[in-house]
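Chain C with the ligands: place on chain W using the hints.
For the protein sequence lines, the chains are W and C, in the order given. Heads up, the first sequence is in the working numbering, so the first residue is 1 and it goes up one at a time. Heads up, the second sequence is in the working numbering, so the first residue is 1001 and it goes up one at a time.
Everything labelled a hint here was simulated from the structure, so no lab data went into it. Fair warning: there could be bad hints in the mix.
As the list claims (entries may be wrong) - Straight-line C-alpha distance at most 20 Å; calculated DMTMM-like pairs for lysine to aspartate or glutamate: (1) Lys1133(C) to Glu1023(C); (2) Lys1178(C) to Asp141(W); (3) Lys1099(C) to Asp1055(C); (4) Lys1190(C) to Glu73(W); (5) Lys1201(C) to Glu65(W); (6) Lys1099(C) to Asp1212(C); (7) Lys1174(C) to Glu86(W); (8) Lys1123(C) to Glu1177(C); (9) Lys1190(C) to Glu86(W); (10) Lys54(W) to Asp1203(C); (11) Lys83(W) to Asp1116(C); (12) Lys83(W) to Asp1103(C); (13) Lys1178(C) to Glu65(W); (14) Lys1213(C) to Glu57(W); (15) Lys1176(C) to Glu65(W); (16) Lys1133(C) to Glu86(W); (17) Lys135(W) to Asp1203(C); (18) Lys1201(C) to Glu73(W).
Bear in mind the structure is a predicted one, so any value in this text is a computation, not a measurement.
Single-letter residue listing:
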Amino acid sequence: MADLREKVVEDRGIISKIQAFVPGFSGYRAKEDLRAADSMLRMQMAGNMASIRKDAEGCRSVMAENGSLEHMERLGALIGRLKTLEQAVAHAAQGYSGISAKTKVGEAELNKLYEYDYALLSSLAEMAADAQKLKAAAASDNKAAIMESIGAMSGKAGAFEATFKRRMTAVTGTEVS
Amino acid sequence: MGIITGDKGSIIGAATILWEDGEKRNNVMWKVPRNIKFNDNIVVREDEIAVFFRDGKALDYIDRPDRYALTSINAPIVGKIVQRLSGVQQQAEVYYLQKKVFDGKFGSKQPYVFEDKTFQLVKLSLFGEFRYKVSEPSNFINYFVGTLSLTRAPEVEERIKEQVVTSMYNVLGKLKEKGMGVVNLAANLKNIEQIFLEDSKTDFAPYGIVIDKISGLYINLPEEVQKAVDTRASMSVLGTNYMGYQTGQAMREAAVNPSGGAAGAGVGVGAGIGMGYMMMNQMGQTGGQQPPVVATPPSPPPAGAPCVKCGASVPQGAKFCPACGAPQGTACVKCGASLPAGAKFCPSCGASQQATCAKCNAKLEPGTKFCPSCGNPTG
Ligand SMILES: [Zn+2]
Ligand SMILES: [Zn+2]
Ligand SMILES: [Zn+2]
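Just chain W, same shape as in the assembly (with noise of 0.2 Å):
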């Protein structure tokens, strides 16, 4: 990985494409700071989870109170996973927070949970487009567009679980590469 990916990080470019989803986030630096700006990007990806899952659950009534069930239990489904995830990454505090006071977190360290993160905002702000998506399928009961959203954010919920679980190893030091 040592490309263009580092410069980008070296001045700090990636900073401000996180602090575009996360205002006030401004870098893991010192070992306390680490934990509290870990704290705020987790507390932010749960919170926009939580409003992709409100958006599915909006278009679970919709298409309840038309009748449309063909998708229903897909839909289903997915808001289920969307939960699961919301829950993992609010909750992944007590993991993190007991092995980072001895884990050395150096810059390489560093710059691979800036990937992370940013990899993980983005396929939420993504995903929240294609909740959109979802929601106007939905209201006009359009079934091949809401077989598609459903398809497109169950696909970005998996690859979100993944990245995050990457993530996390990386945070807690127990990634092997």
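Quick look at chain C with the ligands alone, frame taken from chain W:
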């Protein structure tokens, strides 16, 4: 009991009140068996909420773990409660609630009458599992204790289960309005669960409860209807249509009972034989084989009784119309004799088959115990 320590008789109070684990078990709610007074100490643990109740209403609740002395010293925290208890005569009831989720099973006690296009009035019963938790402690206490005067957890839980069944019926009613028939229920159980989760938000908000999971929903259909539904389901898997299947069935019956009398299968399944003959002919031609020799060429299919619904010919004895699936002949409510389709009176015992509700005059399904329209017992 040992829940309350200190001087129970004291007028100014000074007792410590807490919910002992022994009382807790799987109870969502516990009423402290003594009224609370100014100066009492209330212990609230991590998984608990203490609700203070007086004059038919919740005064306030505490949901953060700590030991609270009801004195004016910590008025900022227990302000409202202390304010209302500031005087020796003032007392309040205390209810503890648990924050955790509870699992429950629900099941209908009375069958739900589903008005189906094809099968008309179908009695359904349903059951399943759900998970709930207290979301609004004040609403919870105001509703169950204030409105319904239920002070014991089992009563409260019973009421919640009843409401789950009622809400589930509402979902079924809604789906029926949208045109869902009884044959589609089985395939839509998961969807019904999803709609229930959605609708239950508003149904249960006044109770201060959220239902966050529903699973294992099962809807029980009357045997006759279930058979027809199963038949349809297996046909759609095989890609055959219902009518083709019925014809096939008729052929099989004819094969088993080739020389039945006029009233027997031979005549009854005439239509089936006719069609079967044609099919065999076709098969023979395309397969390049000799058409099987049929001893007696099929006479024009004798018409069965016309379907009560669509008028198509229904083989005698068939319970459902092969064309539209509508149920045909029924058994007498009194003597069990087989009745001609649409019969109002039993030809064998004369019993009237079409009862009406004494109260609202609605038509009643034979054998029903309650009027589907007004709920009045029919017996
Ligand atoms: Zn018919
Ligand atoms: Zn009779
Ligand atoms: Zn009635």
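Evaluation of the provided hints:
1. Lys1133(C) to Glu1023(C): holds (18 Å)
2. Lys1178(C) to Asp141(W): Given pair Lys1178(C), Asp141(W) holds - Cα atoms ~14 Å apart, limit 20 Å.
3. Lys1099(C) to Asp1055(C): Violated. Lys1099(C) to Asp1055(C) sits at ~25 Å, over the 20 Å cutoff.
4. Lys1190(C) to Glu73(W): holds (6 Å)
5. Lys1201(C) to Glu65(W): holds (14 Å)
6. Lys1099(C) to Asp1212(C): With a Cα-Cα distance of about 13 Å, the restraint between Lys1099(C) and Asp1212(C) holds, given a limit of 20 Å.
7. Lys1174(C) to Glu86(W): Not OK: Lys1174(C) and Glu86(W) at ~32 Å, beyond 20 Å, violated.
8. Lys1123(C) to Glu1177(C): Holds. Lys1123(C) to Glu1177(C) sits at ~17 Å (cutoff 20 Å).
9. Lys1190(C) to Glu86(W): The given pair, whose Cα atoms are some 23 Å apart, is violated under the 20 Å limit.
10. Lys54(W) to Asp1203(C): holds (18 Å)
11. Lys83(W) to Asp1116(C): Measuring from Cα to Cα gives roughly 37 Å; hence the hint is violated.
12. Lys83(W) to Asp1103(C): Holds, at about 19 Å.
13. Lys1178(C) to Glu65(W): This hinted pair holds, its Cα atoms lying about 9 Å apart.
14. Lys1213(C) to Glu57(W): Since the Cα atoms of Lys1213(C) and Glu57(W) sit roughly 14 Å apart, the hinted pair holds (cutoff 20 Å).
15. Lys1176(C) to Glu65(W): holds (12 Å)
16. Lys1133(C) to Glu86(W): holds (19 Å)
17. Lys135(W) to Asp1203(C): Violated: Lys135(W) and Asp1203(C) sit about 23 Å apart, past 20 Å.
18. Lys1201(C) to Glu73(W): Measuring from Cα to Cα gives roughly 18 Å; hence the hint holds.
Hint violations for this structure: numbers 3, 7, 9, 11, 17, all remaining hints satisfied.
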